[in-house]
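J.: Chain by chain, the residues:
There are 2 protein chains.
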Amino acid sequence: MEKKEFTVTPWEVKGEVDYDKLVEQFGVQKIDNLILNRIQKHTKELHFMLRRKIFFAHRDINWLLDEYEKGNKFYIYTGRAPSGPVHLGHLMIWVFTKWLQDKFKTELLFQFPDEEKFLFKENLSLEKSEEYLHENMLDVIALGFDPKKTKFLIDTKNADLMYKEACKVAKKITFSTVKAAFGLNEQSNIGAIFYTSMQAVPAFLPSVLKNKKIPCLILHAIDQDVHFRITRDILPKLGYYKPASIQGIFLPPLTGPLGKMSASEESSAIYTTDSSKESENKIKKYAFSGGQATIEEHRKKGGNPDIDVSYQWLRMFFEPDDKKLMKIHDDYKSGRLLTGELKEILIEKVIKFLKEHQKKREQAKKQINKFLIK
Amino acid sequence: MEKKEFTVTPWEVKGEVDYDKLVEQFGVQKIDNLILNRIQKHTKELHFMLRRKIFFAHRDINWLLDEYEKGNKFYIYTGRAPSGPVHLGHLMIWVFTKWLQDKFKTELLFQFPDEEKFLFKENLSLEKSEEYLHENMLDVIALGFDPKKTKFLIDTKNADLMYKEACKVAKKITFSTVKAAFGLNEQSNIGAIFYTSMQAVPAFLPSVLKNKKIPCLILHAIDQDVHFRITRDILPKLGYYKPASIQGIFLPPLTGPLGKMSASEESSAIYTTDSSKESENKIKKYAFSGGQATIEEHRKKGGNPDIDVSYQWLRMFFEPDDKKLMKIHDDYKSGRLLTGELKEILIEKVIKFLKEHQKKREQAKKQINKFLIK
Chain A
37 MEKKEFTVTP WEVKGEVDYD KLVEQFGVQK IDNLILNRIQ KHTKELHFML
87 RRKIFFAHRD INWLLDEYEK GNKFYIYTGR APSGPVHLGH LMIWVFTKWL
137 QDKFKTELLF QFPDEEKFLF KENLSLEKSE EYLHENMLDV IALGFDPKKT
187 KFLIDTKNAD LMYKEACKVA KKITFSTVKA AFGLNEQSNI GAIFYTSMQA
237 VPAFLPSVLK NKKIPCLILH AIDQDVHFRI TRDILPKLGY YKPASIQGIF
287 LPPLTGPLGK MSASEESSAI YTTDSSKESE NKIKKYAFSG GQATIEEHRK
337 KGGNPDIDVS YQWLRMFFEP DDKKLMKIHD DYKSGRLLTG ELKEILIEKV
387 IKFLKEHQKK REQAKKQINK FLIK
Chain B
37 MEKKEFTVTP WEVKGEVDYD KLVEQFGVQK IDNLILNRIQ KHTKELHFML
87 RRKIFFAHRD INWLLDEYEK GNKFYIYTGR APSGPVHLGH LMIWVFTKWL
137 QDKFKTELLF QFPDEEKFLF KENLSLEKSE EYLHENMLDV IALGFDPKKT
187 KFLIDTKNAD LMYKEACKVA KKITFSTVKA AFGLNEQSNI GAIFYTSMQA
237 VPAFLPSVLK NKKIPCLILH AIDQDVHFRI TRDILPKLGY YKPASIQGIF
287 LPPLTGPLGK MSASEESSAI YTTDSSKESE NKIKKYAFSG GQATIEEHRK
337 KGGNPDIDVS YQWLRMFFEP DDKKLMKIHD DYKSGRLLTG ELKEILIEKV
387 IKFLKEHQKK REQAKKQINK FLIK
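Each protein sequence line maps, in turn, to chains A and B.
Position one of the first sequence corresponds to residue 37 (our numbering), numbered consecutively onward.
Position one of the second sequence corresponds to residue 37 (our numbering), numbered consecutively onward.
Be aware that a few hints might be false.
Claimed, not checked - If the Cβ cut is set under 10 Å, some of the chain A residues that face chain B in the computed set are:
hint	residue
1	E41
2	T43
3	F154
4	K193
5	N194
6	T210
7	S212
8	I229
9	T232
10	N405
11	K406
12	K410
Worth flagging that the hints you see were computed from the coordinates, not collected in a lab.
Note that the Cβ used here is the ideal one computed from N, Cα and C, for glycine as well.
Produce the entire structure from the sequences given, and follow the hints as far as they go.
T.: Below is the structure:
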């Protein structure tokens, strides 16, 4: 098979991502059936995103479960850098986060590094970032996280808790390291250079605050891995555990299997605030099809679900039922199901999901304070 | 005259400092009589540290006074990076700060960058830095600052106010700039690289909090100038005034006219917590003398007050009365006053000052909270 070029960094994902190659490059482990069995021992059922390897890789999950089984409970750390509206690609990982939190009854520290994108994007103001912060918090709350077990850690607002800890991390990281890890250079600004220290903090802050070592599980899309490789290097030097992690693949953009969904490309993403009509139109207009050029040809040759975005969205997010999904897969592959019909299945599910989400998003406006640390 | 080598950076002061050369190198202005007259118009009297050019250089004082005369009142910003006990060299600048604050009835923002020395010194822990912070605050309070008009800004504790603003500064500063300005390199840690952004914040934070441009006067020893040259470059780009500043020379170390007093060299400094006996012994044992080798020779040739540390301490800190100082000067120069006698004059004044300071320092323990921002 031809080798394709692709890029996966915290700032850019492009090309057709070869996840096997990433596993090797980043030095993560694939989540195999032994691990799934261990998880299932505690969760009883397995989330379809685990069964289907949407969350496909990890570091130190066996250690984390060893600790858990000894009674040394972990907490979950995930996050969102507010730089635009939330789309379905963002929600996917948080839906899984909530499931994992519920099943293991853990605390969740949700970081909003509201300075990150400001520091890395020439044209994003902090004011704009604060607007997105507010909007993005609503989306997280709308997913139903329990405010008693979930706290939002906002870099600029909670810097009185974070900056000191970030300095401890920063003292152990040279410019040379961030240059190599993130491709920074002499023209990079000194805030961007410092930033990874802040992203490390939620991986040990609860241990600081409670003055005991608490295991941490980071849930993140694989593009953030480089931050946490550095974090894992440093934390033991500060007397804390290396965080364990679970990495997810990207929900593909509407426009096709390359890259990841981007909040700044309207045609690639469905936002949580899109109306039913907008969602429907976007899917009809942009959703990349694995079908054939004509109905006749499609009936004869069948479609390719592996590259069909509507099918992939059903597989990764909207159709939890394996049997139903298998039928859709087989029908599409055999040509019984047309692209238009497949899109209709997705549209109905997306609209239903968004209607519910938007209702809860409205209710979330009164709940923000419950999630803030102060 | 032979040219001497000397170094003045925020981390190192060594050699015989040529202040005229620094004025040129750093691009500051000397404080001339026109400026002294303008200041005196408002203060009625002139502090001896101004008359004697202990505070000898400035930036934009004319602009600052223009604004003041238009009713646009400035505030003062000074600070102390807690990395050891406070000595008399530190106090000198704060004594002057208090006078200026009282005369112009201004607010004072006193920064304690408690992460700075941690980031720049291999062996200083943050815990140790916090101890010094507490001790150092007592020394500042003991000088009698009015808690209604004086606030302590502690980098790690007030980072919720500062970090966001520091990020705005940081976005405008490249690694290349701090490399050139501070001599940092690829092996420097990313906290040290970021740090100057935090030191810039007190120069505009009140403008942020009150949402209007407020002139700022920074009082500092000349070794901190490089931070504020960068600050002055950046602030107009963020919509704030360039801070004005007044720079002071260093109280010479007991051991001689080279370098500056160092908290880490016992023999060079008198600490605010030294007992009367310790102060007396240090001055007797270490204070560099401008006198001759024998009494006979001294009576004949006279001493050199310009290099005599006891005389310089009287001139710079402990003898505000110009006439008395002149008499000491002339007596020493003519040989009438012996080094031992000169030291006795200083010892008496230092002991008296420290006794009073230590009493107020005890009382200060109950007052810290009044100076904290939260």
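J.: Broken hints, numbered, in rising order?
T.: Violated hints: 1, 2, 10, 11; rest satisfied.
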